[in-house]
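**Student:** Sequence:
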Amino acid sequence: MRGIVLKAEKKENLVKMQAYKKVVNQNKRINKINLVVLAAGLLLIVLGMEKIGNYLIWVGIFVLFITIISGILASGPLRRHR
1 MRGIVLKAEK KENLVKMQAY KKVVNQNKRI NKINLVVLAA GLLLIVLGME KIGNYLIWVG
61 IFVLFITIIS GILASGPLRR HR
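Going by this note's numbering, the final residue of the sequence shown carries number 82, and the count climbs one at a time with no gaps.
In case anyone wonders, no lab produced these hints; they're calculated from the structure. Since we're looking at a predicted model, the values are computed, not measured. Check before you lean on any hint, since a few could be wrong.
25 angstroms max Cα-Cα, derived BS3-like pairs, lysine-lysine [claimed, not checked]:
{"#": "1", "residue 1": "32", "residue 2": "22"}
{"#": "2", "residue 1": "7", "residue 2": "21"}
{"#": "3", "residue 1": "32", "residue 2": "7"}
With the sequences and hints as input, model every part of the structure.
**Tutor:** And the structure:
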């Protein structure tokens, strides 16, 4: 009986870990794109297009903030269980 409970618990942990890894991989891709947006914003500011550059910088900061929060939320179930 104890073995069945451990197997179910292990499977549950595996599912949680897979979901977390999926979110982390998605956030990595988003952050790569976001880095390009931030670089474009800085380049536009340097070239004298401050209004558009500032807009891109703020969009990049917002996206970065959202990806950080999603990573924290995704890791929550893993930390609570331990």
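**Student:** Verify the proposed pairing of residue 32 with residue 22, using a straight-line Cα cut of 25 angstroms.
**Tutor:** holds (16 angstroms)
**Student:** Would you mind confirming whether the straight-line C-alpha gap from residue 7 to residue 21 stays at or under 25 angstroms?
**Tutor:** holds (21 angstroms)
**Student:** Could you grab the alpha-carbon distance between residue 32 and residue 7 and see if it respects the 25 angstroms cut-off?
**Tutor:** Given pair residue 32, residue 7 is violated - Cα atoms ~38 angstroms apart, limit 25 angstroms.
In terms of the numbered hints stated before, the structure departs from hint 3 and from no other.
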